[in-house]
Structure formats: C-alpha cells, structure tokens
Amino acid sequence: MSILNGQSLLASAMAGLSSTYSTLMSNHSSSGKGLTLDDLSNVSTATLMSLGNNYSFLQYLTSNFAALDKDGDGEITGNDLSNVMSTMQSKGLTYSELQSLCASGNGDTSLLSTVLTYFNKIDANGDGRVTSEEITKFGYDCQRYDVEAKYKSFKASNTSLYYNDGVEDDTSSVLDTLQPELTSKSKS
1 MSILNGQSLL
11 ASAMAGLSST
21 YSTLMSNHSS
31 SGKGLTLDDL
41 SNVSTATLMS
51 LGNNYSFLQY
61 LTSNFAALDK
71 DGDGEITGND
81 LSNVMSTMQS
91 KGLTYSELQS
101 LCASGNGDTS
111 LLSTVLTYFN
121 KIDANGDGRV
131 TSEEITKFGY
141 DCQRYDVEAK
151 YKSFKASNTS
161 LYYNDGVEDD
171 TSSVLDTLQP
181 ELTSKSKS
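For the sequence shown, position 71 matches number 71 in this note's numbering, and the numbering has no gaps at all.
Don't read these hints as lab results, they were simulated from the structure.
Treat the numbers as computed from the prediction; the structure is a model and nothing was measured.
A few of these clues could be false.
Said to hold, decoys possible - Calculated cross-link-like contacts (lysine to any residue; reagent style SDA-like; alpha-carbon spacing at most 20 Å): (1) 33 <-> 91; (2) 70 <-> 91; (3) 70 <-> 58; (4) 33 <-> 62; (5) 137 <-> 114; (6) 91 <-> 12; (7) 33 <-> 49; (8) 137 <-> 123; (9) 91 <-> 132; (10) 70 <-> 97; (11) 152 <-> 136; (12) 137 <-> 11; (13) 121 <-> 152; (14) 70 <-> 48; (15) 33 <-> 75; (16) 137 <-> 118; (17) 137 <-> 7.
Assemble the whole structure, with the sequences as input and the hints as a guide.
Right under this line is the structure:
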C-alpha cells in the first residue's frame, strides 16, 4: 500500500465545494449574498452541465442546507461555507461526507476507496470523522506492518559469515580478517 495522502483527499473535497459554490453563486443566486434552498433546487440544465463531476457537491449543499446555514438566514453565504470548510479541515470528514464530497471522480479514487473501507480503523479517536493526520498515520502504519511482515522471516541465524569474492581460495583468511582472535585459538 502506498502512503495515503489525507491532505489531498480533504483538499479535493474543499476545492469541489468551493468551485461548486462559486459556479452556483454566479449563475443562480437570487439575492447575490448567498444561495437559498430554492436556488439550489432550481439549477438550470446549463449550470448542471457546467458542474459536470461536481454534481455531488450540489447534492451535498442541498441535502445539508439547514446544517450549512448556521445563522438561519435562509441562505448559505460565503461565510457559512468558509466556516463549514474550516470545521472539515480541523475536525475531518464523516463517512457520508467522504462519500458525497469525494466520490465525484476528482482525485485519487483508490485513496477514497481505501479510506472508506478502513474508515473505522483510520478514525483513531472514534469521533466519527477522519482527519488528514489520521489518514496519513494509517498509511504509515500499514507500510510499517508490510515491511515488518516481509522481513520477519529474516533472522541472524539465516545469514552466513563466509564471504568469498572469488580472489582468495583460502576461506580461513577471510575469517582471520574478520575474527582474528577466534581463528588464532582454533589453530593452537
């Protein structure tokens, strides 16, 4: 398993949210200050086409509207979105956030698949969220385990002290050089 880059996964989620929000603001904000639930529900076909793979971010904004609109003014403003992204950056992403924000096809899908598969093991503190640090630590732990498992079978008893580079035929001279006190006792 390669090193898991948790930062890239979170950065992909943040970039997708920000890009989608900007696109929707420029095309569908009725007030110019933020996005209403109506704005999110009535997105034009042209805007949907321009969102492409970021459609999952639109779904996230729509289905989490009440949670994102922290001040309850009926709009998701840039400030609301910034607060949510700061929370995600510091506290991490939940399983469902990973599914909806990172499954858009942007970024490393094998990384997402690994994180979703091992979510409960990666979530070291058990808070229901995985942070960049937890993902990266899990990746290092997996690599360490792989190396330990690979080299566990190597034991000192499996190695040879004899080395012959083909120049000398006298094997005792190699041992004399490496361990002179042992070979002098055995010759006497």
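Quick rundown of the hints versus the structure:
1. 33 <-> 91: 27 Å, violated
2. 70 <-> 91: With Cα atoms ~17 Å apart, residue 70 and residue 91 stay inside 20 Å; holds.
3. 70 <-> 58: Roughly 18 Å separates the two Cα atoms, so the pair holds.
4. 33 <-> 62: Roughly 17 Å separates the two Cα atoms, so the pair holds.
5. 137 <-> 114: This hinted pair holds, its Cα atoms lying about 13 Å apart.
6. 91 <-> 12: Holds - the C-alpha atoms of residue 12 and residue 91 are around 16 Å apart, at most 20 Å.
7. 33 <-> 49: 24 Å, violated
8. 137 <-> 123: Distance ~10 Å between residue 137 and residue 123 Cα, so the pair holds.
9. 91 <-> 132: The given pair, whose Cα atoms are some 9 Å apart, holds under the 20 Å limit.
10. 70 <-> 97: Within the cut-off at roughly 18 Å; holds.
11. 152 <-> 136: The hint is violated at about 24 Å.
12. 137 <-> 11: Judged against 20 Å, a Cα distance of about 17 Å means the pair holds.
13. 121 <-> 152: 24 Å, violated
14. 70 <-> 48: Given that 20 Å is the threshold and the Cα spacing comes to 26 Å, the pair is violated.
15. 33 <-> 75: 8 Å, holds
16. 137 <-> 118: Within the cut-off at roughly 13 Å; holds.
17. 137 <-> 7: With Cα atoms ~12 Å apart, residue 137 and residue 7 stay inside 20 Å; holds.
Hints 1, 7, 11, 13 and 14 from the list above are not met by this structure, while the remaining hints are.
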